[in-house]
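Dock chain B against chain A, hints included.
Which chain is which? The protein sequence lines are A and B, in order.
Under the working numbering, the first sequence has 199 at position 83, and the numbering climbs by one with no breaks.
Under the working numbering, the second sequence has 190 at position 74, and the numbering climbs by one with no breaks.
Please note that a few of the clues may not be correct.
The list makes no distinction among identical chains, and a pair is therefore deemed to hold if it is satisfied within one copy or across any two copies.
Pairs of lysine-lysine residues, derived as BS3-like cross-links and limited to a Cα-Cα distance of at most 27 Å, are as follows [claimed, not checked]:
#1 K176 x K203
#2 K176 x K139
#3 K139 x K203
#4 K212 x K139
Don't read these hints as lab results, they were simulated from the structure.
Protein chains: 2
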Amino acid sequence: MKECFERGPFSPEFHAAAELIGKRWNGAILWALFHGLNRFGELNSAIPGLSARVLSERLKELEDAGVVEREVTPDTPVRITYRLTPKGDALRAVFKQLNVWSMAWPSTHDPVA
Amino acid sequence: MKECFERGPFSPEFHAAAELIGKRWNGAILWALFHGLNRFGELNSAIPGLSARVLSERLKELEDAGVVEREVTPDTPVRITYRLTPKGDALRAVFKQLNVWSMAWPSTHDPVA
Chain A
117 MKECFERGPF SPEFHAAAEL IGKRWNGAIL WALFHGLNRF GELNSAIPGL
167 SARVLSERLK ELEDAGVVER EVTPDTPVRI TYRLTPKGDA LRAVFKQLNV
217 WSMAWPSTHD PVA
Chain B
117 MKECFERGPF SPEFHAAAEL IGKRWNGAIL WALFHGLNRF GELNSAIPGL
167 SARVLSERLK ELEDAGVVER EVTPDTPVRI TYRLTPKGDA LRAVFKQLNV
217 WSMAWPSTHD PVA
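Chain A on its own, in the form it takes in the complex:
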């Protein structure tokens, strides 16, 4: 069991992954990217309540974590798009499971009318 723990949730990798998923807005941003939205404005308008400033911060963090790539196309005006890296795309399976769980076991708090 000790070995399992070391490779599992007590590893820096697991901590980092869980915190990445759990950080506010990241779930919504990644989900929008999974669904093909890739321009800043598209992401911004697709996610209710998320400000442009916070979206920008989160995208930078996701880039630093290696899950998102930013691409600048020298057009007029300059076009900036975001895409999932293979590492980011591999998160789909985690999100799917989390979404299944969250629908199967809704929170007992903040019930939706």
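Just chain B now, kept in the frame of chain A:
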């Protein structure tokens, strides 16, 4: 897609689930419970760096979220155990996926020697 978004990551359920998973220590605590540790002292000594005070707070939050049950056995001394509810047990699938991902795609930061 709109409907998918509403049922998915923009729903309060998905937000709550992602934040539950992502909150510091919750991953380790739930993983220890998945592996059959169920006494406060066992959990406390199994998770390096986690203080008794924070463990106690997290267990209360996990109880409030409906994923953990606390059981008091009137023994001498009183025995307090924690167990996963069916809702908590159902998180195994999410953790498994997250663990697979975190091992397959280790963080580019804080590399482990």
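Results for each hint:
1. K176 x K203: within (16 Å within a copy, 34 Å between copies)
2. K176 x K139: Close inside one copy (13 Å) and across copies (21 Å); limit 27 Å.
3. K139 x K203: Both. Shortest intra-copy (18 Å) and inter-copy (22 Å) distances satisfy the 27 Å Cα cut-off.
4. K212 x K139: both (17 Å within a copy, 19 Å between copies)
In this structure, none of the earlier numbered hints is contradicted; all agree with it.
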